[in-house]
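Engineer: Assemble the whole structure, with the sequences as input and the hints as a guide.
As you go down the protein sequences, you meet chains V and A in turn.
When the first sequence is numbered by this note's numbering, its final residue is 111 and no position is left out of the sequence of numbers.
When the second sequence is numbered by this note's numbering, its final residue is 1112 and no position is left out of the sequence of numbers.
Bear in mind the hints are in silico, worked out from the structure with no lab data behind them.
Computed from a prediction, not measured in an experiment: that's the story for all the values here.
Not one of these hints is a red herring.
Restraint-style ranges between C-beta atoms, simulated for each label pair:
| no. | chain 1 | residue 1 | chain 2 | residue 2 | range |
| --- | --- | --- | --- | --- | --- |
| 1 | A | Pro1014 | V | Pro40 | 23 to 29 Å |
| 2 | A | Leu1082 | V | Pro111 | 42 to 48 Å |
| 3 | A | Gln1070 | V | Phe46 | 22 to 28 Å |
| 4 | V | Gly16 | A | Gln1062 | 41 to 47 Å |
| 5 | A | Val1060 | V | Ser28 | 19 to 25 Å |
| 6 | V | Lys57 | A | Asn1063 | 38 to 44 Å |
Per the computed footprint, the stretches of chain V lying under chain A, defined by three or more beta-carbons under 8 Å from a beta-carbon of chain A, are:
| no. | region |
| --- | --- |
| 7 | 31 to 44 |
| 8 | 102 to 108 |
Straight-line Cα separation of at most 30 Å, BS3-like style, residue types lysine-lysine; simulated pairs:
| no. | chain 1 | residue 1 | chain 2 | residue 2 |
| --- | --- | --- | --- | --- |
| 9 | V | Lys98 | V | Lys63 |
| 10 | V | Lys42 | A | Lys1080 |
| 11 | A | Lys1080 | V | Lys98 |
| 12 | V | Lys42 | A | Lys1079 |
| 13 | V | Lys98 | V | Lys59 |
| 14 | V | Lys98 | V | Lys69 |
| 15 | V | Lys69 | V | Lys57 |
| 16 | A | Lys1079 | V | Lys98 |
Don't be surprised by glycine CBs; every beta carbon is placed ideally from N, CA and C.
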Amino acid sequence: EDQVTQSPEALRLQEGESSSLNCSYTVSGLRGLFWYRQDPGKGPEFLFTLYSAGEEKEKERLKATLTKKESFLHITAPKPEDSATYLCAVQGTDSSYKLIFGSGTRLLVRP
Amino acid sequence: SQTIHQWPATLVQPVGSPLSLECTVEGTSNPNLYWYRQAAGRGLQLLFYSVGIGQISSEVPQNLSASRPQDRQFILSSKKLLLSDSGFYLCAWSTSGVDEQFFGPGTRLTVL
Chain V
1 EDQVTQSPEA
11 LRLQEGESSS
21 LNCSYTVSGL
31 RGLFWYRQDP
41 GKGPEFLFTL
51 YSAGEEKEKE
61 RLKATLTKKE
71 SFLHITAPKP
81 EDSATYLCAV
91 QGTDSSYKLI
101 FGSGTRLLVR
111 P
Chain A
1001 SQTIHQWPAT
1011 LVQPVGSPLS
1021 LECTVEGTSN
1031 PNLYWYRQAA
1041 GRGLQLLFYS
1051 VGIGQISSEV
1061 PQNLSASRPQ
1071 DRQFILSSKK
1081 LLLSDSGFYL
1091 CAWSTSGVDE
1101 QFFGPGTRLT
1111 VL
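Structural biologist: Set out below in C-alpha cells:
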C-alpha cells in the first residue's frame, strides 16, 4: 500500500534558524513527489514537483530534494511568514491521478 | 491565469440534511477535477476525481456522491449527512498530462 510519513509533526524555529522537514514514502513506482504549503483555513498551495532521485528544486528560502525513499524540504534562514503546514504527497505509476498525502509538518517561525 | 472557486466557504448542517458543495474552474478547458476531504490534523483523502463531463471515479465508498454537469463545474453531494462527514472539503484541478494539482480555498463543513 502506498504510504507517506512526514516528520516532525511540528517544528518551532527562531527566525534565521535553518532546518529540514522529512517526507518518507513507500510506493510501488514513483511518478512524482509534491510539496505543498497550507496556511490555516486555506487550501494547499503548490510548491514543487520532484520526479527522480537526485533532483532538487528551489524557491526563495525553500529547497526540496529527493532520494529513492525520502524527500527533504530544507528551509534556509526562515522568516515568520514561512510559518505554515507543509504537506508532502506522492503519485504512483499505477494510480494515474491519485495523490497520497502525508499528515504534514506544522512549522512555526518565531521572530 | 487559472482560478478555482468553491462555495460556500463555511457550512453548518444538521445530521440527516442534504449537502451540495460547488467548485468551478476558470481559465482552462477540460481540466481533471478532484474532491478531497481533510480531517483535523490529518492528510488529504481523495474522494472523487473526474477526467471529463459525466465521468466520475470514486475512491472511497460512503454516502457522498459527485457530479460534473459542465466542463469546469464539479459538485459534491449527499442525501443525508452523517456526523463523520464533518471536515474541510477541497476541490482541485489539473491539466491532462501534467501531474501537479492546484487547490481551491476549501469549504469547512460542520455536521451537528
